[in-house]
Amino acid sequence: MTLDISRDHALELLRDMIRIRRFEEKSAELYSKQKIRGFLHLYIGEEAVGVGAMHALREDDNIVATYREHGQALVRGIPAGEIMAEMYGKANGCSGGRGGSMHLFSAKRRFYGGHAIVGGGLPIAVGLALADKMKGEPRVTACFFGDGATDEGEFHESLNLAALWKLPVLFLCENNEYAMGTALHRHVSDRDIANNPPAYGVPADSVNGMDVIAVERAVHNEAELVRETSKPRFLELKTYRFRAHSMYDAELYRSKEEVEERKKQDPIDVFQARVLNDGMVTQTDIDAIEADAAKEIAAAVDFAEQGEWEPVEDITRHTYARDLS
Amino acid sequence: MTLDISRDHALELLRDMIRIRRFEEKSAELYSKQKIRGFLHLYIGEEAVGVGAMHALREDDNIVATYREHGQALVRGIPAGEIMAEMYGKANGCSGGRGGSMHLFSAKRRFYGGHAIVGGGLPIAVGLALADKMKGEPRVTACFFGDGATDEGEFHESLNLAALWKLPVLFLCENNEYAMGTALHRHVSDRDIANNPPAYGVPADSVNGMDVIAVERAVHNEAELVRETSKPRFLELKTYRFRAHSMYDAELYRSKEEVEERKKQDPIDVFQARVLNDGMVTQTDIDAIEADAAKEIAAAVDFAEQGEWEPVEDITRHTYARDLS
Amino acid sequence: MTTYRDAIRTALQTLLREDPRVFFMGEDVGRYGGPYAVSKGLLEEFGEDRVRDTPLCESTFVGAGIGAAIGGMRPIVEVMTVNFSLLALDQVVNNAAVMRHMSGGQFEVPLVVRMATGGGKQIAAQHSHSLENWYAHVPGIKVLAPATVQDAHDMLIAALEDPDPVVIFEHQMLYGVDGPLDTDATPPSPWKAAIRRPGTDVTVIAYGGSVPKALTAAEELEKEGVSAEVIDLRSLRPLDRDAIIGSVSRTHRAVLIDEAWKTGSLASEISAILAEDAFYELDAPIARVCTLEVPIPYAKHLEEAAIPQVDRIVEAAKRTVSGG
Amino acid sequence: MTTYRDAIRTALQTLLREDPRVFFMGEDVGRYGGPYAVSKGLLEEFGEDRVRDTPLCESTFVGAGIGAAIGGMRPIVEVMTVNFSLLALDQVVNNAAVMRHMSGGQFEVPLVVRMATGGGKQIAAQHSHSLENWYAHVPGIKVLAPATVQDAHDMLIAALEDPDPVVIFEHQMLYGVDGPLDTDATPPSPWKAAIRRPGTDVTVIAYGGSVPKALTAAEELEKEGVSAEVIDLRSLRPLDRDAIIGSVSRTHRAVLIDEAWKTGSLASEISAILAEDAFYELDAPIARVCTLEVPIPYAKHLEEAAIPQVDRIVEAAKRTVSGG
Ligand SMILES: Cc1ncc(C[n+]2csc(CCOP(=O)(O)OP(=O)(O)O)c2C)c(N)n1
Ligand SMILES: Cc1ncc(C[n+]2csc(CCOP(=O)(O)OP(=O)(O)O)c2C)c(N)n1
Ligand SMILES: [Mg+2]
Ligand SMILES: [Mg+2]
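Line order of the protein sequences matches chains A, B, C and D. Note that our numbering has the first sequence beginning at 1, numbered continuously upward. Note that our numbering has the second sequence beginning at 1001, numbered continuously upward. Note that our numbering has the third sequence beginning at 2001, numbered continuously upward. Note that our numbering has the fourth sequence beginning at 3001, numbered continuously upward.
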């Protein structure tokens, strides 16, 4: 089947997936060098989800993400340098060095974090959508969360409230088959996660999250339906994480073979092969994308290295609008 | 349709419903006289649920209930005097006067409360069932909760955990169409509450909670299935509360007409008429039941009145197994 | 004269009338008229869009309030009582309190959360908590405890004007209390403590539902020749250190009242502030009059014995004045 | 030498082997091997029935632990970190802590809850809480904070023997620390504080992850001629008042270390106890060395500046010794 997208768009999608991949590979390396610390959760393997989704959403839509959000943040337009600087803990980071990898934010880009309490971002998304609804803004709030988050009571409370109040939330479940080291069938009673939201009157669908085009299309359709109806919808994105949960994870809970097997569906490899095969894109294009990505990332590291440390005297900043003491 | 139950059983069911009704009418009166204080939530209108369910369960099963639990407690066999004394705050109350109306307990009768945090009893029920499962006890844990409790995240977490771990919990949802003053359709997105549990693989059914026979049968079937399969099940009991939510409630949220209309389904009136009509029971029987109930309640009030106040010196008792200070 | 309950309603009305971004939500705040009848009539006046009955989902409706505040609205969220707020604590601590900080100052949360607190109504162990100090512990939020009818009104107005999340504790025994309300006067800063009664021999520090008890105790002490200064903390975070230290520097003796369990109470914090910054002013041990270390019992005589009462305050003050 | 982590694992093994009623559950305690590698190998030894990976549902799996304890089992529940325990607080406060009381003594909850606590790993504002004092505030539960390898082992054993619910806080920076472990010795009561280093000039009181810092500070102080006594609280509820008051009655000076935010910390409680019952023993203001009033920042230099470090302890001790 040939792709019914433009060459430019294909290049864009490929470029963004590669940017994320290379950015994160560099991040892992910098973690070993102790330039980046704390928790670092890589998105490698799941790039098609973030890229497809972010391309499908409008600039004016709201994004709420998890601690595994480098991909979304990058594609949303937060400069790689600002993300890298954030992970260095520098003042020129996108959260001023206060947040780190798990707490990327950008007011300008309506990127509402970077949340590290599993499920904790969902009520925030419901509230953002409520604000838009009350103000009459034709905006969708896209809320990313993992399969593990569906275990938390807040997931259900949020579905109920969004459905009851008819709020424009698009629930995007990144089902990578594991919550940390706990496989899907060991943490949910019904593995078919999309079975749940209809019980709240929230329409739900699933899509192959390893296929960037399928993701983009599905998210686009869902988002536009949410916008039209001003009612919540749910989309499961079936994906897989190739790397450890975080840099601390020894991956005792799954076999190397399982991971290798799943890597055959690598969203970048698959898409790249397809567009090369189609003749839509050439190896030269890909080389250019790789070169650009390398350049962007080198510049990002530079930006982070050059960044200043926030003065310790300012330690209590950002606790309140005005310092209380 | 004639009832296929024995005369004795019909009398038993009627007796228990009447006992609850009269007990609570007296409680309301004693509340006005300030003999009973704190929160008092009456079960009037919902008696068929408690009576049917308690008759269907085995003596060895576990019961977890809400703050609206006088009915269950009475039928379970906690002496009326001990319940009344508890509401007086006397030391001879079933919780030693420490709990009051919302916290009736009886270890002997496997009556695990009397919980006043909506939804808070569900995880406890899951844990009791887990203990039984691990010990190999063929016991069912019956957990009562309201329609409002299904909004809370713990409801969903509990369904998931019970289903995932195959725990013998019977979830009994007393749907009286209101959570305090909030009507069902204003607090749940899908009014058909029994639609939800199947999304967790928990079989769900509904029954007319105003019909004591139907309740008894349904709860019996469900409980035996839970016992056989050692898997959770869910039963919605459709009922209605004739009185205010608590003694503080001005009932602004529903009309007198609505309540009057629903009183036509009064579970006692309906059942009484039916068994009288059937010729199974005579007015003399009913008069005897009423007389017995009156006697039981008078004795209960007496027991409460005669009860001692726990000495103030013992104030910190029951905080720990042994006093820490 | 107005009741505390009516003063809050008046403030809610003013806020809802003046700013279209303001809305009010919580369990049973609409049709039911509010669990303490605070919001009776508001649904009728402002409609279902701006006065929202929520399902029972404390975590999510508080979180939705946070999201709506970030999204440009000015939500006032009622969590029926502090007892149920335990279910929403994650949202308060891990979102409301830290959003500004984690985002390097990009997002603020102009949210107001109101809740009833305290015991005294025989509603037993799950329904009688006083957890003000838990909230006062958390940087990023502010905490108010109106003890008077005037403050009940003014603090709600001030809380909404504040760009930071503010939690307001209303003691359940105060709703029916009558007092003067002047809606035209310029209110004092909500972040400052007030001297409710000047005195010279001992400083009695209280907040919320304990303030009336402290005042009654001061009257009794007066009869016994002890002049007690009563400080109403008003703001529990930030604390008005200057006022606390100032008063004790005059009286040299302190009795701290708190309806929370004594261990780990806000009274402990006040004591620590004094032991740190007014140490050389103190002439006697600092006394705390708090709730005993027991879940609140249902029985009236036991509940009364568990929580601070006037006689215990009087006794502690006399003990303190005579040197501990 | 054994690590703190291994000591906990050894205790878990002992308990699981000795009593069939004991089981262990929490997020990723099984297949993953435990988020801090504490429970590595336990699933393999004891099987899925007794070592249970739970879904992400803190409220329900803690509540299920309570139910199972009431039902005759001896559950040990791991809540990965105190940060996530906010979601389970309702179960702890409104069920575990009050079940015995509300039922007039009929039901007890022999439950053990373990959780990691504290900062120091640059995991920022949602993942670095120190909420020990919240738990220590609640009558009906007991709270332990092992600071040594030996205590990490012994306290878990003692907690399980206790008929009341016990919460154990394990500081995340301690898991890798090495120390001696003797599993045959008769352990001291877990409910008593320990003098980790005797001294005469000032009492430094700490718990959990702050104890090693206090000891290092004491060494530095020694070099500067100040003899500091270091008290490890060990039990945070009940508090060992006698030990606290006893030490300060000898040194007449106190410095309190707590990784919690200063306002409303456990340090405040210790201070209040001293100001109440050791007032006449005190020769200087009581100093608190706590976390600054800011959500924990990610950047390393800011996180370090926010939480108590050796230099701040040394400085506070010197200030205290010179009279404040
Ligand atoms: C409330 C809460 N509990 C536990 C954790 C620890 N934790 C962090 S990520 C994670 C697994 C989440 O899995 P999932 O939602 O599937 O997201 P994924 O990491 O797979 O993207 C856990 C248990 C947490 N951060 N928050
Ligand atoms: C967590 C929590 N939130 C709020 C309340 C206050 N409250 C008590 S009962 C109730 C309504 C519960 O309705 P439902 O579950 O339908 O039970 P019903 O009273 O109708 O039997 C509310 C909101 C509470 N007790 N617990
Ligand atoms: Mg996952
Ligand atoms: Mg109901």
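Hints listed in this document are in silico derivations from the structure and should not be mistaken for laboratory results. Positions of the beta carbon are idealized from the N, C-alpha and C atoms, including for glycine. Any given hint could turn out to be false.
Heads up, incomplete: computed chain A residues facing chain D, CB under 8 Å, no partners named [what the hints assert, rightly or not]:
1) Arg98
2) His103
3) Ala107
4) Val118
Straight line, CA to CA, 16 Å or less: simulated EDC-like cross-link-like pairs of lysine to aspartate or glutamate [stated by the list, open to error]:
5) A:Lys231 x A:Glu308
6) D:Lys3318 x C:Glu2276
7) A:Lys166 x C:Asp2283
8) C:Lys2318 x C:Glu2276
9) C:Lys2300 x B:Asp1314
10) D:Lys3040 x A:Asp249
11) C:Lys2318 x D:Glu3276
12) D:Lys3300 x A:Asp314
13) D:Lys3300 x A:Glu305
14) A:Lys108 x C:Glu2108
15) D:Lys3040 x A:Glu305
16) C:Lys2300 x B:Glu1313
17) B:Lys1135 x D:Asp3019
18) D:Lys3300 x A:Glu308
19) C:Lys2300 x B:Glu1260
20) B:Lys1166 x A:Asp190
21) A:Lys166 x C:Glu2108
22) B:Lys1108 x D:Glu3276
Hints, one by one, checked against the model:
no.	hint	result
1	Arg98	holds (5 Å)
2	His103	holds (6 Å)
3	Ala107	violated (17 Å)
4	Val118	holds (5 Å)
5	A:Lys231 x A:Glu308	violated (45 Å)
6	D:Lys3318 x C:Glu2276	holds (15 Å)
7	A:Lys166 x C:Asp2283	violated (63 Å)
8	C:Lys2318 x C:Glu2276	violated (24 Å)
9	C:Lys2300 x B:Asp1314	holds (14 Å)
10	D:Lys3040 x A:Asp249	holds (12 Å)
11	C:Lys2318 x D:Glu3276	holds (15 Å)
12	D:Lys3300 x A:Asp314	holds (14 Å)
13	D:Lys3300 x A:Glu305	holds (15 Å)
14	A:Lys108 x C:Glu2108	holds (14 Å)
15	D:Lys3040 x A:Glu305	violated (38 Å)
16	C:Lys2300 x B:Glu1313	holds (14 Å)
17	B:Lys1135 x D:Asp3019	holds (13 Å)
18	D:Lys3300 x A:Glu308	holds (13 Å)
19	C:Lys2300 x B:Glu1260	violated (36 Å)
20	B:Lys1166 x A:Asp190	holds (12 Å)
21	A:Lys166 x C:Glu2108	violated (25 Å)
22	B:Lys1108 x D:Glu3276	violated (44 Å)
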